[in-house]
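Protein chains in written order, with this note's numbering: chain A, 325 to 643; chain B, 681 to 991.
I should point out that these hints are in silico values taken from the structure, not numbers from a laboratory. Keep in mind that a hint or two might mislead.
Computed footprint of chain B on chain A, listed as stretches where at least three residues anywhere in the stretch have a Cβ under 8 Å from a Cβ of chain B [claimed, not checked]: (1) 351-363; (2) 432-441.
As a list, the in silico BS3-like pairs of lysine-lysine whose alpha-carbon atoms are at most 25 Å apart [as the list claims (entries may be wrong)]: (3) A:353 x A:340; (4) B:806 x B:885; (5) A:523 x B:694; (6) B:698 x A:523.
Where a beta carbon is used, it is the ideal one built from N, C-alpha and C, also for glycine.
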Amino acid sequence: MEQSKVDEEHSLIKPKTLEEVRTMIRAHKRNDFIFSSIGLLTITFALLTLLILFVDLVMDGYPKLNYQFFTDFPSRRAANAGILSAWVGSLLIMLVTFITAVPMGVAAGVYLEEYAPKNWFTDIVEINVTNLAGVPSIIYGLLALGLFVYTFHLGQTIVTAGLTLGLLMLPIVIVSTREAIRSIPVAIREAAYAVGATKWQVVLHHVIQYSFGGILTGIIIGMARALGETAPIITVGALTFIAFLPPAPLTMEPPFISFEWLQSGFTVLPIQMFSWLSRPEHAFHINAAAAGAVIIILTLVMNGTAIWLRYRIRKNIKW
Amino acid sequence: MATTQLLKDPPISKRLAKNIKRNFIERVIEIILMFAALAATFITIGIVYILVTEASGFFKEVSIIEFLTSRQWSPLFEDAHYGILPLISGTLTTSFVALSIAIPIGTIAAIYLSEFASHKTRESVKPVLELLVGVPTVVFGYFALLFVTPLLQKINPDLPTFNMLGPGIVMGVMIIPYIASVAEDAMRAVPMHMREGSYAMGATKFQTAIRVVTPAATSGIIAAYILGISRAVGETMVVAIAAGQQPTFTFNPLEGAATITAYIVQVAMGDLPHGSLGYQSIFAAGMVLFVITFVFNILGHMARKRFAERY
């Protein structure tokens with residue numbers, strides 16, 4: 325009885341001959357092959373396009389990439405123009421960014437992961453950090469213009485630009501610190517508590533030590549992003565033509581350290597590139613390509629280091 | 681042993697004193713760390729505060745109705761008009777061009793990497809994608825202005841130097857690695873046994889990818905799209921360099937038009953006095969941009985969280 329019912333149901337579906345089934349399988353296998361080829365082609369195409377663009381840029385800028393280019397100030401004549409003030413500006417701004425964003429970001433990440441109670445308040449802070457990571461960078465520029473330049477009267481200076489990029493980098497550092505800390509097993513913490521360590525001792529001597537690699541990865545990625553960022557620096561008022569260097573941080577007379585450079589006007593590498601790019605003459609476009617090549621190489625090296633570091637950590641550490 | 685150790689220890693009162701000091705330091709450190717975490721919240725509050733206060737000066741002079749409905753944006757001219765629509769149309773058009781390239785290619789790349797590629801291919805392509813996400817956008821502006829647009833002009837000689845197609849395409853290429861990377865993560869997170877179940881039923885890789893893995897990873901893939909949209913809308917340098925500075929109410933990518941971000945850059949490059957209407961107008965434009973990306977970011981965050989919870 326049961327068997328006949330099943331047979332009946334089967335007979336409702338049109339029976340397939342062996343040949344039909346084979347054709348169907350062939351068709352499915354063909355789809356498999358077609359998609360796999362399309363996928364491979366797409367990825368190759370996308371990566372190749374980007375490679376061509378980079379090679380084109382480096383080739384365009386190659387004639388300018390010599391020692392002179394790094395030691396010359398910008399000039400009205402394209403042949404004499406260099407990026408001295410730009411790379412010095414970038415370096416000093418990155419210093420300010422590093423000093424402000426890193427301690428704060430790591431501290432915030434540690435708090436959210438180790439201390440924060442699980443309640444609505446922590447949820448709000450969390451959503452906030454995720455959202456901040458997605459806010460367009462130019463909005464940070466507007467914040468800095470309204471807050472640092474016109475409310476705190478810091479002026480259009482290196483310290484303003486450094487703080488602006490610090491704000492931009494903060495969410496990146498927080499997120500990577502949290503991810504690094506989260507991968508440390510609870511057993512490590514429990515072992516430390518068991519021998520009488522306080523919370524802070526556990527955090528300082530164990531949690532931060534073991535997650536250091538992951539935190540460093542986030543810091544490098546954040547710094548690379550800060551280095552290449554243009555829009556927020558434009559809004560806080562970078563100058564596009566600067567033929568002087570900020571005052572040196574080290575002086576010959578006591579107290580040997582000077583902070584005057586913080587108050588100096590500035591330009592940075594991407595701004596210099598942007599300003600050359602917006603000129604109509606072709607000669608300046610070559611300068612822009614050379615500056616672009618410098619920026620690309622710097623950011624690729626930084627990001628590459630970070631990714632390699634993360635890969636090594638994942639490979640070596642097995643809890 | 682243990683008893684002699686105990687006898688050598690300092691008297692109980694001293695140990696308690698040390699404990700009190702220790703607990704006090706612990707509290708102080710916790711409070712310092714908490715303030716660091718609060719700083720992140722202060723940034724958001726700061727953004728909203730600055731945008732609202734500066735834009736409120738703008739809206740005292742300009743009615744919101746004109747701002748949202750007028751089709752002309754010329755705050756810096758004698759005959760000033762304050763309609764945000766041309767800037768929004770520019771933003772939407774460039775984003776649309778970018779996403780119509782980035783979403784299909786990014787999705788195909790993600791499916792291929794997650795379901796078809798060998799372990800070795802995936803492990804070598806994934807870091808390259810991450811590397812490409814970090815390339816500064818000003819460099820992509822160079823590509824749009826001096827590589828892609830001249831190339832397009834060979835196909836269509838009528839194309840102006842500043843147009844929305846070239847930067848749109850470059851932005852699309854720029855966003856591909858981002859979408860591919862996030863979508864691939866989502867598809868990887870689908871548990872292996874679901875694929876194995878599908879294979880056991882005789883499904884091919886393609887059938888499994890399309891009918892099992894992709895539906896299971898939908899919210900993660902949507903999160904990748906939404907974050908991609910948010911990036912395209914907020915992208916500044918590519919459009920500021922290559923899409924032109926003229927606010928035009930058009931959806932034709934072959935024309936040049938300013939986006940919200942390009943307008944902000946244009947004004948910031950010039951030296952407008954603090955407090956003038958032109959200066960306040962960039963905060964009004966910025967507020968519109970912030971609201972748009974904020975909505976997309978929250979949606980993306982919610983979609984991402986949903987897919988994280990499911991498995």
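- Index of numbered hints that the structure contradicts, given in increasing order: none
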